[in-house]
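Residue numbers (this note's numbering), protein chains in the order written: chain S, 17 to 352; chain V, 17 to 352.
Derived by calculation from the structure, the hints in this document are not laboratory data. Just to be clear, a hint being listed does not mean it is correct.
All copies of an identical chain are treated as equivalent in the list; a pair is satisfied when it fits inside any one copy or across any two copies.
[Unchecked claim] Distance condition first, Cα-Cα at most 20 Å in a straight line; then the derived EDC-like pairs of lysine to aspartate or glutamate:
#1 LYS119 <-> ASP265
#2 LYS193 <-> GLU246
#3 LYS48 <-> GLU82
#4 LYS48 <-> GLU243
#5 LYS193 <-> GLU203
#6 LYS112 <-> ASP38
#7 LYS196 <-> GLU171
#8 LYS196 <-> ASP265
#9 LYS48 <-> GLU246
#10 LYS141 <-> GLU296
#11 LYS297 <-> GLU202
#12 LYS295 <-> GLU162
2 protein chains.
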Amino acid sequence: MFVGIDVGGANTKIATSDGFVDSRYAPLWRTKERLYDVLAEANQQFGTELEAVGAVMTGELSDCFETKREGVLYIKNALSTTFKAPHFFDRNCMFKESSEVDKDPLSFASTNWLASATFVAVQNKDAIFVDIGSTTTDVIPIVGGELKARRTDLERLKSGELIYSGILRTNIAALLKKVKLGVLREECGISSELFAITADAYLVLGHLTEDEYSCESPNRYAFAGREHAEKSRVSALRRLSRVVCSDLDELGEDGAIRIAEQVKSAQIKELRASLNSMKEKYGLDLVIAAGIGDFIVHEAADSLGMQVMPLASIYGKRIAATFPAYAVARLLAHFS
Amino acid sequence: MFVGIDVGGANTKIATSDGFVDSRYAPLWRTKERLYDVLAEANQQFGTELEAVGAVMTGELSDCFETKREGVLYIKNALSTTFKAPHFFDRNCMFKESSEVDKDPLSFASTNWLASATFVAVQNKDAIFVDIGSTTTDVIPIVGGELKARRTDLERLKSGELIYSGILRTNIAALLKKVKLGVLREECGISSELFAITADAYLVLGHLTEDEYSCESPNRYAFAGREHAEKSRVSALRRLSRVVCSDLDELGEDGAIRIAEQVKSAQIKELRASLNSMKEKYGLDLVIAAGIGDFIVHEAADSLGMQVMPLASIYGKRIAATFPAYAVARLLAHFS
């Protein structure tokens, strides 16, 4: 059995080439040592069936590390300590052994989207690969089977190939600068606190269930002893109301829903701009969608007359939501 | 001795009419019960010299409370339990006793700027009062001695009388949507995480000392056992680098400083827009500045040809930084 592991800043995702997937909450910024436990549990779970482990990462950006270099090496050490000779996917889309990571750590930073796009490109020579996750969105042009994206996060932020917002964890204050409220659609400034996240908006709009709201809410601590209420619709509406320094009594459900709708519009608009520039530059018309934000991809692509192929329809929702780990496992099986 | 208390979401500020001021970190969202301790300490400190206590608040917006009503009543209870017959400043700029708070809690929400502006208006009949704090900025037009500002935070966010950003705690991702980098001034998207705050920008630009960086940094937890390093210049530069998913090795000090400069420009621009609209609407030319962001006020006002009178030059820096609590103490002394 081939296992792919994607070490993110908040979650470590694990998948096998035959389709088992798992995501474990292991926030590196809180306790990076927890990564060792999560990996040890996986090692024990797979036992002797495990043939080889491949790894990608983005967790090196976590602010528990002074530099990405330090982050890559920490993550590499955790993997190398736990598994026998793990394979690390690099920026040239090749698997390397751990001694190669020591020589050039930065070649192994931010590789999870590369594994996904490499795997997708095997069957789709001309398409834009989009993966909207909990926190970020990758938008990767594939032309003639070649990945046209830049290789560092910094360069990808410039080109629109990385949009640092997602469906669950994104602070609404980072997405919206103003909102329009009331029948007059008056412009209103917003609070810069972490009062509400995109998961609140999409829960309220019906795009997510309480179970799919799988991250912590901004005011989780306020629900000690009544955790069931944390992700209720009314709690999400209350969080959205605080974004304009209000509360649900004052703003009303309609007002809170208006904010949620503007969150959705902002995310569609961001993605649409990226898709549009790549469509024009490369003449691409097909969008391959992984992740958990198909509803955003569809609206953005439809408005540009682009076709969408959701990977969930091929691999199922769970694999599509954890695609880099699965892609690594499949690529490793292929190369072995 | 008359004591003014300003209960915020993060800090409780205490001042006396004769000029003693103190600010205590009591984040309501983390442990609201801590407010009782802070108030009890103050009560003990002043002892028998205490003649009367006046209170204002903004902490009712903290997301440990479901509604502002609940927040106001919690804060009122903490004050009433600790002090004998405290006086609560209301939206009509009058002191009321606690039974009045029970009858109409919302009349006592978000009152700290009202106390400051009322006190300032005694001597300045025509001016714009600006208080840039750690987290928010109040911009209050005073015309013929009358406060022209709306009375709720929601309405003030619409009118530009409340700008929800400050000099210390504001997430840079809420201020900037893009930054320009490099000699080509290329546009670059930014991360929506809480990677860096305005205190990082102003420390790096030399507007704040390490001591004045008086809030927690975003990655405080990463400095256990070496707390002295948390607020160093290099730590702030590293945090700024993460805003574009980079690190200091890759971005370089110049790149991080460019981000800090754009944070400053964004805050000046926001304030300038508010000042300009009030200058035009009311024909005001004088800005009275409290808070800790005089350097922002000066640049915004200068660009509009407005004159600035910093309250620090009259009352000293410490009182100007804790102005609502001081104003409450002085108003209470005046009315008693």
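Here is how each hint holds up against the structure:
no. : hint              : result
1   : LYS119 <-> ASP265 : between (59 Å within a copy, 16 Å between copies)
2   : LYS193 <-> GLU246 : neither (26 Å within a copy, 29 Å between copies)
3   : LYS48 <-> GLU82   : within (13 Å within a copy, 33 Å between copies)
4   : LYS48 <-> GLU243  : between (25 Å within a copy, 18 Å between copies)
5   : LYS193 <-> GLU203 : both (10 Å within a copy, 18 Å between copies)
6   : LYS112 <-> ASP38  : neither (24 Å within a copy, 58 Å between copies)
7   : LYS196 <-> GLU171 : between (33 Å within a copy, 12 Å between copies)
8   : LYS196 <-> ASP265 : within (18 Å within a copy, 41 Å between copies)
9   : LYS48 <-> GLU246  : between (26 Å within a copy, 18 Å between copies)
10  : LYS141 <-> GLU296 : within (17 Å within a copy, 58 Å between copies)
11  : LYS297 <-> GLU202 : between (37 Å within a copy, 18 Å between copies)
12  : LYS295 <-> GLU162 : within (15 Å within a copy, 57 Å between copies)
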